[in-house]
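Student: Each chain is listed here by its residues.
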Amino acid sequence: MNEITQFVDKHGYDILMHTYQHVYLCFFTLVIAVGIAVPLGIFLAHCRWRSIVASVMLTASIIQTIPALALIALIVVVCALIGWPTIGTFPAMIALVLYALLPILRNTYTGMRQIDPAVVEVARGMGMQPRQVLFQVELPLSLPVIMAGIRTATVWTIGIATLCALIGAGGLGDLIMRGLRSIQIDYLLAGTIPAAILAVVADWILARVEQWLTPPAQSATSLSES
Amino acid sequence: MIQFEHVSKAFPGGTLAVDDLTLDVRPGETLVLLGTSGSGKTTSMKMVNRLIEPTAGHIRVDGQDVMEQDPITLRRKIGYAIQHIGLFTHMTVAQNIAVVPRLLHWSRERIDDRIDELLTMVGLKPQEFRRRYPAQLSGGQRQRVGVARALAADPPIVLMDEPFGALDPITREQLQDEFLAVESEIQKTIVFVTHDVFEAVKMGDRIALLDDGRLQQLDTPHNLVERPANEFVKAFLQHHHVQLKLMTRKISTIVEEGNSAPEDTTSLAKLQANDSLLTALGKMKDTSAERIPVFRQGRPIGTLARQRLLTTIAESLGLSESQS
Chain A
11 MNEITQFVDK HGYDILMHTY QHVYLCFFTL VIAVGIAVPL GIFLAHCRWR
61 SIVASVMLTA SIIQTIPALA LIALIVVVCA LIGWPTIGTF PAMIALVLYA
111 LLPILRNTYT GMRQIDPAVV EVARGMGMQP RQVLFQVELP LSLPVIMAGI
161 RTATVWTIGI ATLCALIGAG GLGDLIMRGL RSIQIDYLLA GTIPAAILAV
211 VADWILARVE QWLTPPAQSA TSLSES
Chain B
148 MIQFEHVSKA FPGGTLAVDD LTLDVRPGET LVLLGTSGSG KTTSMKMVNR
198 LIEPTAGHIR VDGQDVMEQD PITLRRKIGY AIQHIGLFTH MTVAQNIAVV
248 PRLLHWSRER IDDRIDELLT MVGLKPQEFR RRYPAQLSGG QRQRVGVARA
298 LAADPPIVLM DEPFGALDPI TREQLQDEFL AVESEIQKTI VFVTHDVFEA
348 VKMGDRIALL DDGRLQQLDT PHNLVERPAN EFVKAFLQHH HVQLKLMTRK
398 ISTIVEEGNS APEDTTSLAK LQANDSLLTA LGKMKDTSAE RIPVFRQGRP
448 IGTLARQRLL TTIAESLGLS ESQS
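Chains as they are written, first to last, in our numbering: chain A, 11 to 236; chain B, 148 to 471.
Hints are computed from structural coordinates only; laboratory data are not their basis.
We put the beta carbon where it would ideally sit given N, CA and C, even for glycine.
It is possible that some hints are incorrect.
[To be verified] A partial selection of chain B residues facing chain A, derived with a Cβ cut-off under 8 Å: (1) Asn196; (2) Leu198; (3) Ile219; (4) Arg223; (5) Tyr227; (6) Ile229; (7) Phe235; (8) His237; (9) Ala241; (10) Val246; (11) Val247; (12) Leu250; (13) Arg261.
Taking the hints into account, I'd like the entire structure generated from these sequences.
Tutor: See the structure below:
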């Protein structure tokens, strides 16, 4: 116990800074990923051409199958080829965003597609504009599913972001690498434990957001019929 | 009010869902589109508010071709109700009813008043039901909300697609009766889609029987049963012929007016002038009285005698000859 307090005393600031970097990296990654994947998922759900839907989904799935480490390396190489920064937050974020796309995209698409077409039709039949149908009916109804996708993406991103220390993006991965290089368990734990806590806390917060956005009666009983 | 003129709808695959339909829905009447699934009844209805667009012919609402009207504006002045899945599960009862008034930018007070008025009209206590979600309602309650929602902005025309379809028979019957009572007060032009002959006969002022996209007969329930226009109509009604005959004939012609039967007013049974023979038979069965008082709009107009009812029933079923 004493050793831990000592360690925290000595490296507390370090841990805090790295946690901050980590949160920063993940937060903006997720904002960008949601900004891309949700509109794209909505578009795909309304898209008549099956081939477009299939190819976008396939692309996202293929990206997902690339091991995270390989994806990061790949981004760095590609960045180098086209003359973009190869070190730091920028390439890291590209890799993380690509990785976070699939769960959000897939869930947005599924969430929108599982809505009973009759409900959308009745909304149109009542005189809603397409925009009103989307924001007042389709999105609220698919929100729980979309949020589940965002939660999955969040947990993944927080985990994978530790790898980004390899390309100088900082974050808790730095501490883990330091522990690895010097074979010191303290550093390893100083990186791992906050990362795990971050994932749990972020997931919890998003669960609360989801609950807050979902009407009380819908979540519990929407599947049961009278 | 609504005119179909040689309306056809061909779907991309080439199937002709509606084939040269011409009919006229009169102001204030309830016109039932009756048919089996695939008969084109729902397609016909959805063409009125342009959820589906005709491939040939014209549909006029208030004299104006729907294809020349803005679909959004058109739909906001036509009420629309479908089976209970049509309620928005993420909105409360009040929010569901408020959808069209909000689209029309009514003031908040006006919307609130209207919600209370409508809930009361369909028999739900406003203070109890306003804040509930559809998942917290029974099937019958949901359907009441669906009807209230369709009437929210007081549209002159209401389209109803099997509005009581997903209910158990008892609740369905009850809602039909309630709706008839509401409807007699509000006087809407209603296009009502159903596959249920009994519902059609009960709800409709006139019935348009469709088959395979073609109009087979457009007539009052009575004429449809008594004078089928072709073999299809005959065959369609054959199965329930006896019951339909008794349902479509009103007792008003056989009521003995004037003497309000003093000796029998003790009986609790009561009939309305526009009740059917079948209803009268049911009431008669439950009472020992020889005569049942008949009312029209709450005022007694005469009595119905047991013997007269039974003879009329026998006559309309064509049984009387064997008696003589």
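Student: If any of the earlier hints don't hold here, list their numbers in rising order.
Tutor: 9, 13
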